[in-house]
Amino acid sequence: MSFQKTLTRRMLSLDFLDDVRRMNKRQLYYQVLNFGMIVSSALMIWKGLMVVTGSESPIVVVLSGSMEPAFHRGDLLFLTNRVEDPIRVGEIVVFRIEGREIPIVHRVLKIHEKENGDIKFLTKGDNNAVDDRGLYKQGQHWLEKKDVVGRARGFVPYIGIVTILMNDYPKFKYAVLFLLGLFVLVHRE
Amino acid sequence: MNTVLSRANSLFAFSLSVMAALTFGCFITTAFKDRSVPVDIHVSRVMLKNVDDFTGPRERSDLGFITFDLSADLKPIFDWNVKQLFLYLSAEYATKSNALNQVVLWDKIVLRGESTKLNLRDMKSKYFFFDDGNGLRANKNITLTLSWNVVPNAGILPLVMGAGRMSVPFPESYETTKSY
Numbered sequence: 001m002s003f004q005k006t007l008t009r010r011m012l013s014l015d016f017l018d019d020v021r022r023m024n025k026r027q028l029y030y031q032v033l034n035f036g037m038i039v040s041s042a043l044m045i046w047k048g049l050m051v052v053t054g055s056e057s058p059i060v061v062v063l064s065g066s067m068e069p070a071f072h073r074g075d076l077l078f079l080t081n082r083v084e085d086p087i088r089v090g091e092i093v094v095f096r097i098e099g100r101e102i103p104i105v106h107r108v109l110k111i112h113e114k115e116n117g118d119i120k121f122l123t124k125g126d127n128n129a130v131d132d133r134g135l136y137k138q139g140q141h142w143l144e145k146k147d148v149v150g151r152a153r154g155f156v157p158y159i160g161i162v163t164i165l166m167n168d169y170p171k172f173k174y175a176v177l178f179l180l181g182l183f184v185l186v187h188r189e
Numbered sequence: 001m002n003t004v005l006s007r008a009n010s011l012f013a014f015s016l017s018v019m020a021a022l023t024f025g026c027f028i029t030t031a032f033k034d035r036s037v038p039v040d041i042h043v044s045r046v047m048l049k050n051v052d053d054f055t056g057p058r059e060r061s062d063l064g065f066i067t068f069d070l071s072a073d074l075k076p077i078f079d080w081n082v083k084q085l086f087l088y089l090s091a092e093y094a095t096k097s098n099a100l101n102q103v104v105l106w107d108k109i110v111l112r113g114e115s116t117k118l119n120l121r122d123m124k125s126k127y128f129f130f131d132d133g134n135g136l137r138a139n140k141n142i143t144l145t146l147s148w149n150v151v152p153n154a155g156i157l158p159l160v161m162g163a164g165r166m167s168v169p170f171p172e173s174y175e176t177t178k179s180y
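The listed protein sequences derive, respectively, from chains F and C.
Numbering-wise, the working numbering puts 8 at position 8 of the first sequence, and it's gapless, one number per residue.
Numbering-wise, the working numbering puts 69 at position 69 of the second sequence, and it's gapless, one number per residue.
Source of the hints: derived by calculation from the structure; they are not laboratory data.
Certain hints may be false.
[To be verified] Straight-line distance between alpha carbons at most 30 Å, and here's what the computed DSSO-like set of lysine-lysine pairs gives:
#1 C:K96 to F:K114
#2 F:K145 to F:K114
#3 C:K49 to C:K83
#4 C:K49 to C:K126
#5 F:K145 to C:K117
#6 F:K114 to C:K49
#7 F:K137 to C:K108
#8 C:K108 to F:K145
#9 F:K137 to C:K96
#10 C:K33 to C:K96
#11 F:K114 to F:K137
#12 C:K117 to C:K49
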């Protein structure tokens, strides 16, 4: 009986599970708390970034090729949305059209600002032949400050591919999360 | 370090760290550079019409036509961290209904490796210069500036204005006969 157990274990190379079995309850709780710490630190950093930049989504991944050759699918953009920075032409804005979830990354083509600060503006993707009026809501000709998620201030190439892969293949996302969770819970250090 | 898997793991982790360090190096060595160069803008012709704004809200608005010359040498801007420059010529003016208006008249992408000397004559605007209303007529001061968005390999995306601007007034009356 014990020979069979050892043989199976050796065959499946499940030596690392011995570590888990040797842990007593206290160490197990410690591992779970450790895991919780990591998750809440990540959340704190994200929320902190949201406050500092003033944007509801300080880091976005470029999803379409409408800003090529500057940005390609999978590039990462760092956004700010501070009220003291007025929207001006040439800026790259990330905006959402009313009623739609997907943010769009395009450049400001035209602005008309009133004295009290109310602004209406038009956008266009660098790689598109026409401006974005075809993308806006039916009857909408301009975008306003409330549609803006943020202005692109910094850029890192390629890193966002992971997010796109996880969105396109949700099974991959669950597999990654499961493996990460398992690794943190089981690893003793 | 005695299995293929652990060696591959260390190699992978090391490559990631090196790439991250290089990316950060790219960013920090060019973050504080001044990316402005002198720019020469000249306007040869200005015309004004008043038509229905067919690009958007269908109201009668002022439509301006500007023929311009541009010259600049962009070579000093390009360094190891510049992927491309997005140039745009914008017109800025004030009207009775809007305190600030900015319209991009023309833009161009200059990729790294392409010719950096800009010498354009008698250029027509790429985009229709529609005002939000009728504020261009007899407007004394339309300021044209050439600016560019520096797109790096990694790092900050600054908007830089070229050192040089040109102000033109628009005519008092609308052109009804000539076409552009």
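> Can you list which hints this structure breaks, lowest number first?
Replying inline: Per hint list: 3, 5, 10, 12 violated.
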